[in-house]
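Asks: These are the residues of each chain, in order.
2 protein chains.
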Amino acid sequence: MNIVILAFDGITVLDAVGPYEVLQRLPGAEITIVGETAGLKRTDTGSLAINADRAISDVASADILVVPGGFGEEQVRAKPAMLEWVRAIHQTTTWTTSVCTGALILGAAGILKGLKATTHWSAFGTLASFGAIPVSERFVEQGKIITAAGVSAGIDMGLHLARKIAGDKLAHAIQIGIEYDPKPPFDGSPRNAPQDVMRILVDTYARRGLSVT
Amino acid sequence: MNIVILAFDGITVLDAVGPYEVLQRLPGAEITIVGETAGLKRTDTGSLAINADRAISDVASADILVVPGGFGEEQVRAKPAMLEWVRAIHQTTTWTTSVCTGALILGAAGILKGLKATTHWSAFGTLASFGAIPVSERFVEQGKIITAAGVSAGIDMGLHLARKIAGDKLAHAIQIGIEYDPKPPFDGSPRNAPQDVMRILVDTYARRGLSVT
Numbered sequence: 189m190n191i192v193i194l195a196f197d198g199i200t201v202l203d204a205v206g207p208y209e210v211l212q213r214l215p216g217a218e219i220t221i222v223g224e225t226a227g228l229k230r231t232d233t234g235s236l237a238i239n240a241d242r243a244i245s246d247v248a249s250a251d252i253l254v255v256p257g258g259f260g261e262e263q264v265r266a267k268p269a270m271l272e273w274v275r276a277i278h279q280t281t282t283w284t285t286s287v288c289t290g291a292l293i294l295g296a297a298g299i300l301k302g303l304k305a306t307t308h309w310s311a312f313g314t315l316a317s318f319g320a321i322p323v324s325e326r327f328v329e330q331g332k333i334i335t336a337a338g339v340s341a342g343i344d345m346g347l348h349l350a351r352k353i354a355g356d357k358l359a360h361a362i363q364i365g366i367e368y369d370p371k372p373p374f375d376g377s378p379r380n381a382p383q384d385v386m387r388i389l390v391d392t393y394a395r396r397g398l399s400v401t
Numbered sequence: 189m190n191i192v193i194l195a196f197d198g199i200t201v202l203d204a205v206g207p208y209e210v211l212q213r214l215p216g217a218e219i220t221i222v223g224e225t226a227g228l229k230r231t232d233t234g235s236l237a238i239n240a241d242r243a244i245s246d247v248a249s250a251d252i253l254v255v256p257g258g259f260g261e262e263q264v265r266a267k268p269a270m271l272e273w274v275r276a277i278h279q280t281t282t283w284t285t286s287v288c289t290g291a292l293i294l295g296a297a298g299i300l301k302g303l304k305a306t307t308h309w310s311a312f313g314t315l316a317s318f319g320a321i322p323v324s325e326r327f328v329e330q331g332k333i334i335t336a337a338g339v340s341a342g343i344d345m346g347l348h349l350a351r352k353i354a355g356d357k358l359a360h361a362i363q364i365g366i367e368y369d370p371k372p373p374f375d376g377s378p379r380n381a382p383q384d385v386m387r388i389l390v391d392t393y394a395r396r397g398l399s400v401t
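Going down the list, the protein sequences come from chains V and S.
In short: position in the first sequence from 1, add 188, done, that's my numbering.
In short: position in the second sequence from 1, add 188, done, that's my numbering.
It should be emphasised that the hints constitute simulated quantities derived from the structure, not laboratory data.
A hint or two may mislead.
[As the list claims (entries may be wrong)] Okay, derived cross-link-like pairs now, EDC-like style, lysine to aspartate or glutamate, Cα gap no bigger than 20 Å in a straight line:
#1 V/357 to S/384
#2 S/371 to V/384
#3 S/371 to V/251
#4 S/352 to V/384
I would like the entire structure built from these sequences, with the hints used as guidance.
Replies: In structure tokens form, the structure reads like this:
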């Protein structure tokens with residue numbers, strides 16, 4: 189089972205690593221990290237880099253495609269060759285997935301038109317601009333496309349996919365293997381958050397030139 | 189705030205990336221990924237590599253040290269120079285932390301003697317062999333040392349640390365920023381899991397030469 193995870197500069201690395209940590213535990217999983225070119229791809233702060241072991245020109249198919257997000261997704265969306273590659277790989281997949289604003293890359297590639305989908309809560313407006321129907325769920329499955337909410341939602345999406353591929357027992361074992369027994373200190377939903385907490389985030393995104401839509 | 193995250197071959201990358209994704213969002217956070225030598229460090233399956241941007245010889249202090257785990261931790265523990273470095277950095281830290289079997293590296297460095305600590309559920313016996321007192325908690329704080337349970341527990345530990353450093357409002361904002369509103373499909377505690385699910389894990393670890401203690 190050939191699993192391809194896209195990497196790019198400005199990636200939110202947990203978007204990629206959440207599904208990676210789950211899916212690599214499936215029997216027969218072979219994961220490849222793929223970039224526009226091979227080589228290091230740095231997070232937006234530059235302080236962590238993951239390596240793209242292959243370039244998109246070397247990868248023509250995937251059983252599962254995972255498209256992570258991050259502030260750098262806008263640069264990915266701006267490149268016709270990247271969108272063409274996403275469309276071409278999508279033709280070959282059993283599952284095409286995204287985490288966080290990776291959904292905007294799928295949207296820009298034109299494969300979410302008329303479909304329900306989710307993304308980071310701050311990007312619902314942009315997602316809708318690609319003809320998708322934004323839905324507030326942890327992840328949304330539409331045919332062979334699964335889009336997950338922000339960042340950490342890729343773990344839940346990965347476990348959902350593991351369950352569909354390998355059944356409940358193995359998916360449960362994977363969950364316990366990564367000891368995913370979460371104890372978040374706060375309510376993690378933006379919909380329940382106090383205004384002053386949301387203000388911190390809206391201001392942070394504004395400094396990056398993003399308005400919450 | 190100088191945050192150092194150790195990387196090594198055989199790392200469980202989510203151990204490192206969970207705290208990374210939380211702590212990098214703290215004001216003034218400067219994160220450095222550090223290895224025995226600089227360069228790519230691959231997960232145990234080899235399919236993902238993160239880059240150590242600095243070698244331990246170049247790093248003499250840290251405000252926060254994060255020691256992740258993974259099957260490769262045993263090789264780290266076997267190297268006196270690595271343990272010496274951990275001990276030396278620990279002298280300079282405000283917080284010394286571990287995720288998953290990273291606690292065994294702290295244990296081997298001799299800094300958990302007589303302290304309560306946690307690690308991946310499969311490694312409690314090894315942790316005790318270093319004189320620590322294993323505790324089944326999501327994370328355990330003892331003075332300036334915080335040890336977290338397996339893999340995904342680093343996210344909870346990171347948020348706990350963010351709360352102590354920057355207060356509830358900002359930590360809550362970080363949690364919502366990474367949309368950490370988990371919806372795990374199963375009960376993630378090994379203590380509540382059916383025997384056949386645990387058997388899958390025990391067999392998997394046995395194939396790697398590890399017995400669950």
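Asks: Could you work out which of the previously given hints the structure breaks and list their numbers from low to high?
Replies: Per hint list: 2, 3 violated.
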